[in-house]
Amino acid sequence: MPKKKNKKPLSEYSSWELIGYRFKKNKLAMLGVFMLAVIILVTLLAPLFIPYEKVIEQNVRQKLQGPSLEHVFGTDELGRDMLARVLYGGRISLLCGIAIIAIAFIFGAIIGGIAGFIGGKVDTVLMRIVDALMAVPPALLAMAIITALGNGVFNLVIALAIAQIPRFARTVRSSVLTLRNMEYVEAAKCYGSSSMRIIVKHILPNGIGPIVVAATLTLGAVILSISSMGYLGLGVASPTPEWGTIISENKINIRYYPYLGLIPGLCIMFSVMAVNFIGDGLRDAFDPKSKN
Amino acid sequence: MLIPVIIAVTFVLFVILSFAPGDVVKTILGDEATEEQIAELKHELNLDQPLLIRYARYMMDACRLDFGNSWTSGYEILPEFSRRLPYTLLVTTLSVLFAVGVGIPLGIASAIKEHSILDYGCTFLVMLLASMPAFWLGTLCQILFCLTLRWLPVSGVGSWRHFILPSIILGASTLATMIRMSRTSMLDVIKMDYIRTARAKGADEKKVLYHHAIRNSLIPVITQIGISFAGGIGGAIVTENIFAIPGIGVMLVNAVKSRDVPVVMGVIIFVTIIVGIINLIVDLICAVVDPRIDFAS
Amino acid sequence: MNDDLLQIEKLNVEYITDDAIVYALNDFSLNVKRGEKIGLVGETGAGKTTLALSILRLLPKKIGKITSGSIKYESEELLDKPESYMLGLRGRRISMIFQDPMTSLNPVKTVGDQVLEVLNLHFPDLSKEEKNAKVDEIFRLVGIPAERKFEYPHQFSGGMKQRIVIAMALIAEPELLLADEPTTALDVTIQAQILELMKELKEKYNSAVILITHDLGVVAEFCDSVAVVYGGRVVEIGKVEEIFGNSHNHPYTKGLINCIPDLTSTAPRLHPIAGRMGDPRIKVQGCCFADRCPNATEKCKTTPPPMVYEGEHGILCHLYSKEGA
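Protein chains in written order, with the working numbering: chain S, 1 to 292; chain P, 1 to 297; chain Y, 1 to 325.
Keep in mind that the hints were calculated from the coordinates and are not lab data. You may find that some hints are simply not true.
Stated by the list, open to error - Dumping the calculated BS3-like pairs for lysine-lysine here, alpha-carbon to alpha-carbon at most 30 Å:
1. P:K207 <-> S:K24
2. P:K191 <-> S:K24
3. P:K207 <-> P:K113
4. P:K191 <-> Y:K301
5. Y:K10 <-> Y:K301
6. Y:K199 <-> P:K206
7. P:K206 <-> Y:K81
8. P:K191 <-> Y:K283
9. P:K257 <-> P:K113
10. Y:K199 <-> Y:K134
11. Y:K199 <-> Y:K109
12. Y:K72 <-> P:K207
13. Y:K202 <-> P:K113
14. Y:K204 <-> Y:K33
15. Y:K33 <-> Y:K65
16. P:K191 <-> Y:K65
17. Y:K134 <-> Y:K33
18. P:K207 <-> Y:K134
19. P:K257 <-> S:K54
20. Y:K202 <-> Y:K33
21. P:K207 <-> Y:K62
22. P:K191 <-> Y:K10
23. Y:K62 <-> Y:K283
24. Y:K72 <-> P:K191
25. Y:K65 <-> P:K206
26. Y:K65 <-> Y:K10
27. Y:K202 <-> Y:K131
28. P:K206 <-> Y:K61
29. Y:K109 <-> Y:K131
30. Y:K10 <-> Y:K81
31. Y:K299 <-> Y:K254
32. Y:K299 <-> P:K206
Claimed, not checked - Just the calculated beta-carbon pair ranges, DEER-fashion:
33. P:D204 <-> S:E186: 44 to 50 Å
34. Y:T189 <-> P:F124: 53 to 59 Å
35. P:L280 <-> Y:D136: 49 to 55 Å
36. P:I273 <-> S:E77: 41 to 47 Å
37. Y:D18 <-> S:E186: 31 to 37 Å
A virtual CB, placed ideally from N, CA and C, is assigned to each residue, including glycine.
So that you can see chain S by itself, here it is in the shape it has in the complex:
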């Protein structure tokens, strides 16, 4: 059936507007944006309603209490408030995730950009190194780096970021290479468009798509990695809260006090899901042909 009329026909949208239009039309993507906004807001604003002390404050007399008004998410084995731990844990999980993607993105873009633009021997050497790093499963590469650097939030971020750099470098390089010789770039040059205009109007919307999509989808994977490392005892160490660490420290109590495991687990799940929805939405918005 013909749907309601747009304000102007689609053919008059610029490529950026079209991407935004397609993204907004994607219901799952908008749900993802909403979920992520809620999660980020609640975790960021946590200090406004719960002081950090609550996170580490132990109170053995109040241990393993189910959810109540006083402790909305209950308390753990050491009587620590789970709400505080989950909220502050979320800050670490999400901030680390974003930091990792940012670092991997920047270094990946530099390496991939250099390889793509300069080409020749530089490209060959850089790509050989990237190939070598890609041959190692990223989880194992991260573990090697943690072995060298030791435990800790900072080291975890570095380790997981380095493990992701090769993939970003690859994506950026291939974007640069395909775009450099695209016919529509040639066409734009022939029309006498300025370089800046070519970059903003043609290269960016088409070239940045795969990179942004890769970054978003990797963010989901990275949030999972952070919590897995925490669970294995190789990441954020107790008493600093982090979703994976919280599940790990409550392992033995989850059977009889399921809320200890369910709440942080669901937090991880919903964050990753939100990020994945956004990533999928971006992919379809940037490249409508890939949509099935």
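We have chain S; now place chains P and Y onto it with these hints.
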């Protein structure tokens, strides 16, 4: 092709792992160690030599299949690895078989019945499985099926029943990938002109599907199986730790925790070799399925 | 004996997409006699391919829909037939050659197997040797060495692939062949070769052919009669001589003929048809060509024109109707 990559990988790992050797010696000896003790151990472990010399020695030993001993526990790395590898390979292989066996038919079915309840169900399942942390799903399932319902053994490797839950848990995210990939691929293929040609020849839907669509739709999925297998070995680290399976994952995590450099080094090199071999096999399978790929290259 | 092979009457086909309904065929009528070679000419998007797919009932599921009309094949109404009947028809009695040989062959099966499949589907009683002999023979006929049947599509050039597609379409010796722009995707020299091949094969097999094309030259060379299609309708139909050697034409046909470069003429330039094809999402009240027609009157915009026949030559236009325009 594999050998230069392995050499490059070992070198990169060697550089990474030699970043903080001083710390490591202190970790091994404890805080009370004297300067002399530290120097002595450093000499014993060749840590006082320049990086390139140490690398050359390591590679020469490696060629004689000597990957050294654990710094903290003293065991020989290669035999220990070989003893543990079968468990890891078994769980990983079972998980991939599970994901492939369930995921590909589900993905193809949901592509054929696009917009059906089955299709929406599969999409939902993919969304869930792709965002659940394996350690969480594993812990919850262990509590439910092993502790509460007592259907399956909790942990260890006594019988085949011990491997059911770990394989399913490890295969969960691969399952999501398999469903999604085969669905997308099938949807692409059924839009192809040659499918229309097959219909125009008078082939019924079944023949179109079995003779023309499935084989084409599997080509991208097979490549993905290889990637998933590599990812599965990484994921096995977590699964082994949940279910106390004595595979290389447990060995690696313990080594990372105690900063046992030669063990970490050895395990990662072996795993990289295994992953490389798996990818080689996958390439061969691809070449068999897809005649456009030249065997020679 | 009834001479009519295919009778299409007042066929209406719609494509239903998310945003709109596209009216692809509007009251489309066409008769094809046994052994007749008829050319279907018109611009891209006029509904030519839709017609071919409708005859085979292979319109894209869920999107393409035959809303009304009738397609009779040997006096049997195809639109009422079950799918199983159509399966016996497709590839055996009606077969189709597709536009793009690059994508019409399955990349993972040998070309021999793909041709053989037609025999397996429709002649299950033949022995293996007989089938193989038939495959070898058809390969020879279309000019491909039989030993190359063990190769895969990617090992052939575009022209060779089209020969294989033709082999596939002809091996069952169908009564009707739908050729959907069989030469458009090919280089000019290869086009000539494929056309030559089709002319040779037309002598050998006495199949009726519906040749879909936008190339009037091809039609003049290959066909007995022509149907000019515009906006999902036949706007003019007749023998090749009647269409090309006649000043008595539909304004659209005139436009098409004026678009052919004539090397002998001294005319300084070609005369393209003004404007663009109408939006197929809008059902037209009057004549679908009215907006572009140099002779259009008020009546053309409001009243659908009648098909005016002079013998077998029909023109869908008010200009030629008895009442006059």
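Each hint, compared with the structure:
1. P:K207 <-> S:K24: 40 Å, violated
2. P:K191 <-> S:K24: 27 Å, holds
3. P:K207 <-> P:K113: 16 Å, holds
4. P:K191 <-> Y:K301: Between K191 (chain P) and K301 (chain Y) the Cα gap is close to 39 Å, so the pair fails against 30 Å, i.e. violated.
5. Y:K10 <-> Y:K301: The hint holds at about 21 Å.
6. Y:K199 <-> P:K206: Violated - the C-alpha atoms of K206 (chain P) and K199 (chain Y) are around 36 Å apart, more than 30 Å.
7. P:K206 <-> Y:K81: 19 Å, holds
8. P:K191 <-> Y:K283: 28 Å, holds
9. P:K257 <-> P:K113: 49 Å, violated
10. Y:K199 <-> Y:K134: With Cα atoms ~21 Å apart, K199 (chain Y) and K134 (chain Y) stay inside 30 Å; holds.
11. Y:K199 <-> Y:K109: 29 Å, holds
12. Y:K72 <-> P:K207: 27 Å, holds
13. Y:K202 <-> P:K113: Status violated; Cα separation ~42 Å.
14. Y:K204 <-> Y:K33: 18 Å, holds
15. Y:K33 <-> Y:K65: 26 Å, holds
16. P:K191 <-> Y:K65: 17 Å, holds
17. Y:K134 <-> Y:K33: 28 Å, holds
18. P:K207 <-> Y:K134: Roughly 22 Å between the alpha carbons, so the hint for K207 (chain P) and K134 (chain Y) holds.
19. P:K257 <-> S:K54: 29 Å, holds
20. Y:K202 <-> Y:K33: 15 Å, holds
21. P:K207 <-> Y:K62: Holds - the C-alpha atoms of K62 (chain Y) and K207 (chain P) are around 21 Å apart, at most 30 Å.
22. P:K191 <-> Y:K10: 29 Å, holds
23. Y:K62 <-> Y:K283: 21 Å, holds
24. Y:K72 <-> P:K191: 28 Å, holds
25. Y:K65 <-> P:K206: 22 Å, holds
26. Y:K65 <-> Y:K10: Judged against 30 Å, a Cα distance of about 14 Å means the pair holds.
27. Y:K202 <-> Y:K131: 22 Å, holds
28. P:K206 <-> Y:K61: OK: K206 (chain P) and K61 (chain Y) at ~16 Å, within 30 Å.
29. Y:K109 <-> Y:K131: Roughly 17 Å separates the two Cα atoms, so the pair holds.
30. Y:K10 <-> Y:K81: With Cα atoms ~18 Å apart, K10 (chain Y) and K81 (chain Y) stay inside 30 Å; holds.
31. Y:K299 <-> Y:K254: 20 Å, holds
32. Y:K299 <-> P:K206: 52 Å, violated
33. P:D204 <-> S:E186: 44 to 50 Å: For E186 (chain S) against D204 (chain P), whose Cβ atoms are near 48 Å apart, the range 44 to 50 Å holds.
34. Y:T189 <-> P:F124: 53 to 59 Å: 55 Å, holds
35. P:L280 <-> Y:D136: 49 to 55 Å: 39 Å, violated
36. P:I273 <-> S:E77: 41 to 47 Å: 43 Å, holds
37. Y:D18 <-> S:E186: 31 to 37 Å: 34 Å, holds
Hint compliance for this structure: hints 1, 4, 6, 9, 13, 32, 35 are not met, and every other hint is.
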